[in-house]
Structures are given as C-alpha cells and as structure tokens.
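In order, the protein sequences belong to chains A and B. The numbering used here puts the first sequence at residues 1 to 204. The numbering used here puts the second sequence at residues 205 to 835.
Hints may contain errors.
Stated by the list, open to error - With a straight-line cut-off of 30 Å between C-alpha atoms, the simulated BS3-like cross-links for lysine-lysine are:
id, chain 1, residue 1, chain 2, residue 2
1, B, Lys703, A, Lys90
2, A, Lys36, B, Lys703
3, B, Lys819, B, Lys793
Keep in mind the hints are simulated off the structure, nothing from the lab. Quick caveat, the model's predicted, so the values are computed rather than measured.
What follows is the residue order along each chain.
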Amino acid sequence: MTLARWLSQVLSSRARLAVLGAGVLLLLAPLFPLWKITMFANQFPEGLRLSIYAHQLVGGNGGADLQGINILNHYIGMREIHAADFVEMKFIPFVLGLFLLLGLRTAVFARVGNVVDLLVLFTYFSLFSLGAFAYRMHSYGHQLSADAPIKVEGFTPPVFGHQRIANFDVYSYPGLGSLMLALFGLCLLAVLLFEVRRFRSEAA
Amino acid sequence: MTRHLCLAALLAALACAPSKGPQGGANSRLADAREAAQRTFVEPGKLDEFYLFYSGGHSGQIYVAGVPSMRHIATIPVFAPYPATGYGFDTETKAMLGGYTWGDVHHPAISKTNGDYDGRWLFVNDNANNRLARVDLRDFKTHQILGPIANSSGNHGSAFVTENTEYALVASRFSIPIPRGTYAPTSRYGTDYKGIFSGIKIDSASGEMAVAWQIMTPPFDWDLAATGRDISRDWVVWSSYNSERATGRLEVTASQRDRDYIAFVNWRKAAAAAAAGKGRMIGGVRVLEPREVPGMMYLVPLAKSPHGADFSPDGRYVVGGGKLAPYVTVFDFQKFLSATTANDTTGNEDGIPVLRFEAIRVAEVPVGLGPLHTQFDDQGYAYTSLFVESAVAKWKLGPFDGHDSALVVAKIPVHFSVGHIVAAHGDARHPAGRYLISMNKLSKGRHLNVGPSQPESSQLIDISGDGMTMLYEAYTEPEPHFAQLVRADLLNPIEVYPKAENRNPNAIWAASDAKITRRPGIVEAKIYSIRSYFAPNEIEVQQGDSVILHVTNAEQERDMLHGFGLAGYNINVVMDPGETKTIAFRATKPGVYPFYCTNFCSAMHQEMQGYFLVKPRAATPVASSAAGGGN
Chain A
1 MTLARWLSQV
11 LSSRARLAVL
21 GAGVLLLLAP
31 LFPLWKITMF
41 ANQFPEGLRL
51 SIYAHQLVGG
61 NGGADLQGIN
71 ILNHYIGMRE
81 IHAADFVEMK
91 FIPFVLGLFL
101 LLGLRTAVFA
111 RVGNVVDLLV
121 LFTYFSLFSL
131 GAFAYRMHSY
141 GHQLSADAPI
151 KVEGFTPPVF
161 GHQRIANFDV
171 YSYPGLGSLM
181 LALFGLCLLA
191 VLLFEVRRFR
201 SEAA
Chain B
205 MTRHLCLAAL
215 LAALACAPSK
225 GPQGGANSRL
235 ADAREAAQRT
245 FVEPGKLDEF
255 YLFYSGGHSG
265 QIYVAGVPSM
275 RHIATIPVFA
285 PYPATGYGFD
295 TETKAMLGGY
305 TWGDVHHPAI
315 SKTNGDYDGR
325 WLFVNDNANN
335 RLARVDLRDF
345 KTHQILGPIA
355 NSSGNHGSAF
365 VTENTEYALV
375 ASRFSIPIPR
385 GTYAPTSRYG
395 TDYKGIFSGI
405 KIDSASGEMA
415 VAWQIMTPPF
425 DWDLAATGRD
435 ISRDWVVWSS
445 YNSERATGRL
455 EVTASQRDRD
465 YIAFVNWRKA
475 AAAAAAGKGR
485 MIGGVRVLEP
495 REVPGMMYLV
505 PLAKSPHGAD
515 FSPDGRYVVG
525 GGKLAPYVTV
535 FDFQKFLSAT
545 TANDTTGNED
555 GIPVLRFEAI
565 RVAEVPVGLG
575 PLHTQFDDQG
585 YAYTSLFVES
595 AVAKWKLGPF
605 DGHDSALVVA
615 KIPVHFSVGH
625 IVAAHGDARH
635 PAGRYLISMN
645 KLSKGRHLNV
655 GPSQPESSQL
665 IDISGDGMTM
675 LYEAYTEPEP
685 HFAQLVRADL
695 LNPIEVYPKA
705 ENRNPNAIWA
715 ASDAKITRRP
725 GIVEAKIYSI
735 RSYFAPNEIE
745 VQQGDSVILH
755 VTNAEQERDM
765 LHGFGLAGYN
775 INVVMDPGET
785 KTIAFRATKP
795 GVYPFYCTNF
805 CSAMHQEMQG
815 YFLVKPRAAT
825 PVASSAAGGG
835 N
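Next comes chain B alone, as it looks inside the complex (with noise of 0.2 Å):
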C-alpha cells in the first residue's frame, strides 16, 4: 500500500489534469437512494446472492460477506491465530501455522473445472512468508499450509489456479539469491538474485498441494497474473515491473524503462520439462532455466510498471494494466502464438526470447490513469480499475479496429484510490455479471470517525446494463487486495462435523468414556464436552507433567459451538458440533486454574466449567505470587 501512496504522490499532477474520454456522465451515477436500499437490502432472516471471499492483506485472514448486502458473515483464519475460532492454539492449526502469526493475504482463487468455479476450495497466497493456503469449502476451514516455498520470496503473483485446477501458479515479488540463506551484496542483483515462478500440483481429489517445479527468471518483481482458457489455456501470463534490475528507492530507480514485461509461461510445457528431468535441484526443488527450455517462457513489453495481467473470458486476450500509464494494453494470443511461430523477436533477457510488442498488441484502450486490475462480465465488458482517477472504467472488449477511445462506455469515482475490483465470476470462463466490487485502499473520513487508523471501504456497483450505477459502501476489514464473488448455490458446506466421520482416535461420544491417563510426566485426558458440562471437570497434574488433552464437542446440532478457555495457560481452543480437537502444553505453573467454555452455547453456559489444579512440585506450599504469574 505504501508504494501506492507514494505513487499517487507523484502522480497528483497528473491525475488533476484533464484526461481523455468519458467522465461519469450518463452511464454511470448514485442510484436513486431509494432504489439502491431496495436493491442491496437483504431481509433479516433472508440470504444474499453471492458469497465474497476477500483478502483480508497482512491481518492474515480471509473474510466472507453476502452480497448485495455487504454483510460480514465470517472470517476464515489462515495466516494468523484466531482466538474467535480456536485457530492456532490446538496441535493441529499450530503445527499448520508453523510458528509464524502472520501472514500477508493477497489473491484468492477459487479452484475451477473447465475454467469456470467449482466450489471445492480456495487457495490463498501469503505475500510475506511465502506460503499458499488451502480452505476446503466444505466446511470453510483451511486445511493445508504449504511453505515457505524454496527459493521463492515474496509470494505475491498467487494463487492462480489452472483451467481444471492442475496447478496453483506462483510467483516471486522480491528477488533473493537462491537457495534462501544464499548471501549476495546487492551489487549483484542483476545477476545473482533470480525471481522464481513456482508450479504447485495440486491433488484432484483431496486438493492436496505440493511443490512441482520451478522456473528461475531474471530478478524482476513478478506481480499478478492470470491463467489462460481454450486456445491459451496451457499459459499463465504474469505482469513485472523493475525491469531495470534496480534496487535501491524503486519508486524512481524501477520506473525508468518506458516499457516493463508481460511474462508468458507454458505450464504445461514446464511440467513435462521437469518430469523429463530437466534443470537441477535447488532447495530440495526441480529448477528450470528457460533458455534450456525452448518454448516455455516468452517476455511481451508492456507499459509501464504493470499490475494486472488478465485473459478475456474466452482465453483471447490478455489485458495488461500498465499502472504508469493512462491505457490498458490489450494483446491477442492469437497473434501472440504466431509471433512466436515465426520467431517475432527484439531481443532476451538471460537468453528469455522478448517479443515484437506490436506483433501482438491489438489495442491501447484510454481507460484514464493508473490502470490496475481488470475484470469481466457476461455482456462482453471489461472493467479496469484506475488508483490514481480513483474510479472503474467499463470498456468494450472488441471490436479492436483501430477505435480504441471508443470503446470506454462508462466510468464511475469510487471512493478512494482503488486497488482490486472483483466480477461476479469476473475471472472465469463464464462471468456471471450483475455486481462488482471496488476495493478502494483510502476511505479518508468518509466513515463515522475511528481515529486515526482508518479503514479500508469496498464499494457495490451495478453492473448489469450498458452503465454502471453505485449501490452501496462498506468497511471491509484491513485490507483487501483480490476477492473472489461466488454464486451462492455453488456452495453446499456441511454444518456440523457428522459423527460418524470422526476418526480421531482420541474421540469421545459419552461422558462415560471420559478419561485421565497418567504416565510418568504424562498426562493425557480425552474431554467430553456438551451442553453445558465437561467431563471430566477437574483435572489434576503435577507440576512440570506434559498435559495433552483431547476435548471433543459431541454435539450434532447445528450451531453448537463449545470453546475450552485455560485462564493463565495461554489456551483457547473452539470445538465445532462432532469436532475434536487436542491442545498439548506444559504445566509449568503451579496452582488452580479454571477453564471453562468459551463459545456461548446455552442458558447453562456460564456454569460450563471445571478446574486445572497444578500440585508443586516441591513439597512446600505454593507462594501465592507463583500462582498468579503468566495471565
């Protein structure tokens, strides 16, 4: 967000110029208050339409709102511990988490068969750490952290999954000398510090993910990408900017070149390229060298300093964002297949074969400035979002004869400096149109005064029709990046874990099955819990035993939500109806401590509680300032 800011500085001059083309104007307004409210009101008690998953950036999470209502449902923890849900405290999501409590979220894919959403799972990119989470729709829970990838740093250009979810495509924003913990001076960036694309199998059935391949590719920031349909659907296409090799204050020294590239990559050729053992093994990955690869990977110049890369429904057409410039370039992959047969070249980068740009350009389209990210509809338009105008172009896709300024029909302010929009479906084979979402970096006081930490707004814009028509505002949690808007029917999660899918060994269904088991050091309690009691409700230890507990809700009704709060132990653990979850620590304090549940659950609840008692270790009694150390 920062260098967004900086830009939007450098850019003020520019943006309160004039610019070419449509400016709101007839096809794009406020709705009629009236009919905005009845438009976006969802009655107490009725569903909205489509869900929306949206990042949730460096707070490490992803939430899910209705739409049209804008309502905030829920918020799937990923990166980060989540003490609403438990996520993080039990041995499970901890060991998941692997030690860090932080994540950054940028980029949600929705898994996809035949190039349009299929429901089964999302997958999330972690900018910072370099990691790529999976949550199973079924029951909205991440159940899969994969890295930090080798070799990889700045996990930003992700996740974009394939036509049928072959692959998650992966790419780096900060280029590093490979394998990580490799040092090299910055002085030799241009050479010793490589990007990295990463392919990432994913399982067909269980969506299991794993490390495949790699490609090594020069040290330029790899920034969003989108994957190809039909005639490109062996492709993924990835935008850079610091093309220049430049380090130090990027905002100046990676914003020289008038031109930066669109990155063309074969996954398919790089997945045969690597199961015929080509490349070498670099940290414990199959690393491939384009140029030992021929056909794998093409560079397309592209203005300047781009964002979005994004193909046309139909797998067409690739839209580039040029962030720096005042158009979004459209290129045809037609032409870009053929540039490639006839060997349409200007030069390489690290022997990376760059193509002829106007071999395959088809259009400059005026968009207006600071073009970012574009998304698609059912009615053949496209939408751009413009950070430094802070407002969404509609345009045209096609006819590219030559009339480029034409074809912007439409363009709306939003409110402010908007990063990603989302399309109902705006990023699949089949758009489903009607709504789309601006998800705008400033909000600048528009909202009731919180201080001075201020929200992120998204904002709802009508879409259907030839314009566009402004709905409504919500505060969508810090910070949006991409979202994912999903037909709601496309869904069916579960609402309670059934019991008898429960193979945790460690399981309980009745009280009577309740037990404490002691070992030397050990001591281990499988926990029933129900509305509104646990059994066991006391529990004795020794001072320095391992404690490991399984506590199972053995609920099956819907809703029924119990949690496991340790006061002064750090723990908080929530299990869902027929869910088990098991918590291992330490009893390093001595003294009592209460636990009780956590998740409101019944009229009963407050007396849903029981206690730790810690007997010290030495035989002499507990000073009372021991007990209360450590909440």
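Pulled out of the complex, with its shape left as it was, chain A reads as follows (with noise of 0.2 Å):
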C-alpha cells in the first residue's frame, strides 16, 4: 500500500520545475550528435569523422568524410553507409517528441507514477536503441559482400571505446546529443529520489 500511495503522490513544485527542465533536454538533444565515429590513420592524421544524430549521418570535413569512409569501406565488401538505410532516424526524432509530451503531461498531472511510467519507457528506448546501434555495427561488419577486393573476416567495429582496425585506429563515443538524453533519464531518477525522501519524512 505504501508503494502505492508514494507512486500517487503529488510531485513538490520543484519535481515538477526539474521534469520540465529536463523535458528540454529532449528538444536539444536533436541538435547535437548522438554518437561519434573518428578513424585515425598514419595518412588521415586529422582523422574520418563520422556523426550520428538522431535524424541525420554527417560526415566530417564538410560531408566528405563519410563518402570517404565509404570508399575505404568498399574494399573489403561493406555495404555503404546511407542515412536513408537508418530506419532509427525516422523514428528517433517522433519517439523523443512522445517523450516530451509524456514529460509535459507527467509535469501537469504530476505523479510520482507518471515519472516512474516515463523513466522505465525512456530506459527501455535507449538500452533498445542502444542494441540497435550495436546490431547495426555488427550487421556493417560481417555483412560483406562475397567478390569484395579484399577479402577479411567478419568483425563489428567499436561501439563503444578504442579498436584497432587494419591501419586505422577507431574511436567511437558517445556524443553531446546521447549526453542529453542521459541527463534526462538521470533527472527523473533524482527526481524519484527526492521524492522518495519527501515521502518518507512525511511518513515519519
């Protein structure tokens, strides 16, 4: 019963200030990459650069890198990389403005459950669209083609850190944009903690 009554609670002013707050969060996120994809070679010193943003691929130098990173990427068979291939770009953005309107609602309607609904289904977004992400890498790593010039073993590059890739060394990070939405999810986590708090010294 106490769950119960904590998950009806009415958020304090100050919750319901920090969820819009971090609503915001989710309008700028879009703005920035969401991952960050760099190569380094001896002959690419000031590296391949490639963004993911939650709409868009954008290659470095002005576009060029990623036609770059296609041409490399041919050798050995990789299909090239489009942002039209990216389904998550079409429903990335629409799932961020889902959130923002749940965000608005949980801000109104403010209870403690609404933020709980809105932070295990932002949770399960992200670990999913995290896992695609990585399947996506998986899938551009092993899926090459038969008569590629140069033949190599199936690999997934980096999704996360450093790896070492034939003469090039890739870093993949994430970027402002997934920094943003990571803020978000730990916004409404405080949140529910500081309500936990209130709750409890209310009850004492």
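Dock the two chains into a complex; use the hints.
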C-alpha cells in the first residue's frame, strides 16, 4: 500500500520544474550528435569523422568524410553507409517528441507514478536504441560482399571505445546528444529519489 | 641570357679591376654552417613561412617553393603543356594555350590592394608570344591567357600591376611595324618600327584581363617596369635600352649612347584619353600617340642600357640600374613632378619630352658593377643585384645629401651572375624583410655534375640586421627571372573543388549516372572516376568517330587525384577532387587501346583501367601493324 501511495503522491513544485527542465534536454538533444565515430591512420592524421544524429548522418570535413569512409569500406565489401538506411533516424525524432509530450503530461498531472512510467519507457527506448546501434555495427562488419577486393573476417566496429581495424584506429563515443538524453534519464531518477525522501520524511 | 653572357665577356676586364665601396667585409658573410642549417631547416611535416613564386623562363611555367627551406613544392603550368597535371590536354586548357607549346615567363606579379600583395591572383608574362596569364591563387591554376596582344612584340616589361590592380601594365621589348603582319625593312627601323605599352584592364571581381588601350612609342627596347604608390600612384616607369634605335648587332650598336631612358607614364591619363576617344584603332586596339596626349609620357635619361627601374616602398624614389654603369641612379618623384610642371626639358624623342636629368636625379649610389634590379626591405634598405660583379649590394635609401658612397653598407658575393633578386614583399608598399633570394644565371659546377646543361642556382640570403648572411643554395627550375616572395598566411587555397561549385553540365557524381551517348559520327561519354575504377570501363566507337569524354573525379578528399591516360592516343588528363575535364579527339586508329588512372590514387590504383575499343571502318579485319602505330 505504501508503494501505491507513493506512486499517487503529487509531485512537489520543484520536482515539476525539474521534469520540465529535463524536457528541454529532449528538445536540444537532436541538435547534437548522439554518437561520434572517428578513424585515424598515418595518412589521415586529422581523422575521418562520422557524427550520428537523431535524424541524420554527417560526415566530417563538410560531409566529405562519409564518402571517404564508404570508399575505404568498399574495398572490404562493406555496404555503403547511408542515412536513408537507418530506420532509427525516422523513429527516434518521433519518439523523442513522444517523450516530450509524456514529460509535459507528467509535469501537469504530476504524480510520482507518471515519472516512473516515463523513466521506465525511456530506459527501454535508450537500451533498445543502443542495442539497435550495436546490431547495426555488427551487420555492417559482418555482411561483407563476397566479391570484395580485400577479403577480411567479419568484425564488429567499436560501439564504445577504441579498436584497431587494419591500419585504422577507430574511436566510438557518445556525443553531446546522448549525454543530454542520459541527463534526461538522470533527472527523472533524481526526481524519484527526491520524492522518496520527501515521502519518507512526511511519513515520519 | 645570351645577351647577359656576352656582356659578362665584354666587361670581364672591368669586373677584375678593383672597385670602390665595401667588398664583403664584416657585414656580409657565409653563416656558420650549423646556424644556417638551423635557420633554413623546416622539419618534416612543418610549413615554410613564405611562398616563393618564381618564373620558369622559357620552360613557360611558374614554380612554387617554400622559404626558408627552398623546397620545390609545385609547378603551375602556364604557357606549356604539362602532362603531370594534364595541362594542355583537355579542351579548356588546350584552347587557352591556343596552339603554342611554349612561352617565356619572366616577371610574375601578385595582385595588390593599396600597394600591398592581396594574394588573389598572380599575373605572368610571356615574353616570346606576347601573352599575359592569370593564375588564381585560390586553386593555383592558370585561368586565363590573354593574347597574343595586338601590335606588341616581345612582352618583356610585364606584368606590373597598379596599386589596386586596376591594370597590369606591359611593354614590348621588340619593336615591329604595326599592326602585326606589316612589312618594313629594318633600314626604316627608326621610323616605321614601334614599341608598345599596353594597359591591360583587370576586372576587380573576376580578375578577367582585357587589352584596354596602348601607347605607341619610339622603337626602344622596353625592359623592366615598376608601378608607383601614393605620390606616384598614377604612374608607371619603364626602363629601356637601344635609344640608339639601332638594328644589327645590338650588343654594340645599342650600347653607343652614355644614357638611355626611363619612361614615366601616367596610366590614369592614358586611360582617360582612350576613354575620350583619342588616338586611333590599330589592330583592334585604341592606340595613343604621346604627342597627342600632353602630360601622359616623359623620358628621363638613365645610364646606360638600364635594366631595373624600381619604386621605393613609399613611391617617392625611382631606382634605375644602368647595367653598364657601376652605380644605380636614384630619381626623386617629387622633383620629377616639379620638372614636368616647369617644363624643364632638354629635348624630345618623337615629340615625347625628355626631362633634364640633373633636375630629377638625387643620387648615384656606387653599388658595384652591372647593377640590374633593386628590391627593398622594411628597414629602409635597398638591395641591388650586380650581374657583372656576381654580388648583391645592400644600401641605405637616403638621406640623399651628396654622400652617395656612404650609403652602401654591405655586399655579398653570389654564385654566379645574378639577374633578378627578390625580397619578401620587396616590391610592395610594406616589404616584409628577413629574406632575399638571389636568382643566379650561372652555377658553373657548384652542384653534382649533371653534364653540360647546367642548372640555374638560387641563393637564400638573410637580410635582417645591418648586413647579409648567405644561408642556402638551391637549384631552381630553369630559368628564374623575377619572382614574388609572399607571406604564407596571405594565401588560403582550397584543397578540393567543392562538389556544390561544379557547374559543369557533364559532371556526374554516381557510377549509375555514367553514360555513353551516340549520335551519327559522334560518341560522347560521361565518365565517373573514384577509388578505384572508371564507369564505364569500356568505351566502344567506330573508327573515324569524334569522341568527347567528360571525366569527373567524384572524390571530395584532399589529394585524391585521378588521371585518365589513353595509351596510343596521346591523351592524359588529371582531375583534381571534384573536377570535371573534357577530352575531344577523333578515333582515327582502329584497335583496342587501354586507358588507365595515371595519378597514383590507392592500393587498387593499378586496377583502375579500362578499354577504348575502336571498330575498324571496313568490314575486313584490321592488319596488325595498323593498331600498333602512333604511340
């Protein structure tokens, strides 16, 4: 019964503000890359860069790096990387909008339970997206054309961290967009912890 | 060069005689080897501080080196085909060359704003075929070749740009009867042969050049020029030899007078007179006669067979290098203006007033033997090359109070027979100082022996401080005349041609857009090139077809160049990233001809190839000998 009472507890005004503030992060996140992949080699000291946004792929050097990466990849028979192939880029902006609406709803109806729903759904969405990204990397690295000029073993480019692939040092890290989304989740978590403490102190 | 060699012989006795003034001494030295090495060493991967654009003489090209390392970085083909970059093989550059396969580049000039280099364009002359070219420093490519300029012959006194690049001013070294194509025997040289100054208007936005007007002059051999600044901003000066109006063996016949002339020409007045419809049309150009436009042109005597005529950075003084005299003459532009107002003349040449020498000259600085050309630094010093003496003199630009010999502060021997010198921004309003390069005509075995055709040498001299220090020596491509030494930070060239800027209707950016179009007698193909293939990789035509190939390099990555070499058909073009080039030729020879990427691009570069198949016109099989010919 305690849990049910807590879940139906009305959020404090500070918590509401925090949820609203977190919603701003959802608005801003699409403006920044979710993930950044950078490849360095002796002849690419400035690196070939690829930024993955919620809705687009952007190559470094004014877009030229995406073509550069695809040209290099074609030697090992990798599919060309094109934004059009990323289904995620169609649904992620939509889903972020959905979360924004849910956030507004939470701020208005302002029950702890709304925050819990939001956090659970958002965590699921985040993990699913991460998993999809990892699967995509795996697919690109394993579905290599059989008649490629250079035959290599299937491999998974790094999802997080550094990996040496042939003559390239490849680095893959989340970008500012992902950090904002993570911060959104953390804000919700902080609101819940805050509400737990308030609940306990009021009960005492 | 031959002329100079002859002079050297003529003056050998003079050169051996002791001359007055400093001879090397405390102020000029060979740097301590370790110190010099340190000052010229540019670490692998590090950049030079200056661009050196030096003329390649009769190679027809411009060469780019870095300073202080003196490393050759690139060649900019201008007046001659250059297979290394495919220049002169595609339809555009072929049309620009106009059938000529060489030129004689002498005096490059960087465009200027307020008298200082602005780094936009480089104008270079062709002394041989009377042309002028514009290199765009955004991509280091030749974009226009103007000419042959009408009426003009021997475009030597060229190219010199005005304070704000309104004009490039050029002058003829060889006088001819005009318009070109007119016959007159050399016995009528003095009257029927004409020298020509040309005002080449530069479009301030595009850099496009056009002949605006010309001035007809007596048949002197116009040599070098300089443009004024501030007080002299409307003026250009040209040195001349052969005021004798002689023909035949000029080394003798044109060396009889003690003084020849510097012409002072008001280009703004010339432009206004032409705009007002003065003069008459000759060879399609409005040609002005000095006597009909008072105040446009004056002559000032200058000893003897002068070469250089150079404005001091502030535009106040003109330094004339009389190459057969042991001193440079300094003229005061203020006094020149006073003399023109006072009409202080001693005669005229074909109606052009000759001003009284003494009224304008302020100094004769005994720099040494064979002074040719003067440059300036940021510390108030002038530098004059001494051809006969094989040295460079450093002297103070004033005060001109009669103690002329005290002005010379240092002299450094160079190896050997220096022609032009170039100091950093040494002909601009604000010289940059620090470095001077002596471009020597002879090297006489100072290098690994490469046989009888010996290279020209260029020597890097440190001019900071009071003296001069020899730092380095390099073998510059033949044959450097003048050069421009430019601060590297002034230039910001592109590294690829942005795809978005390629407006060529035949450019394609995907292999799927590659296409062969056939019309009767014509085969036209849009070819896609990228690492590491061509699409299409087979092009089949009928013998006798006109073939037009548009090849696009679809790369946008720097240094990813692709070539298209067609064996047996004498074709090689190179496409920079984002560039489209067109080749047009007739498939005269039947058979199968490979084409391939000539510019190494990738690990699969060797595989980047295809076949050009020419079906014989006749139904009968081709004799094996027919296919093999013509390579």
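Which hint numbers does the structure go against, in order from smallest to largest? Violated hints: none; all satisfied.
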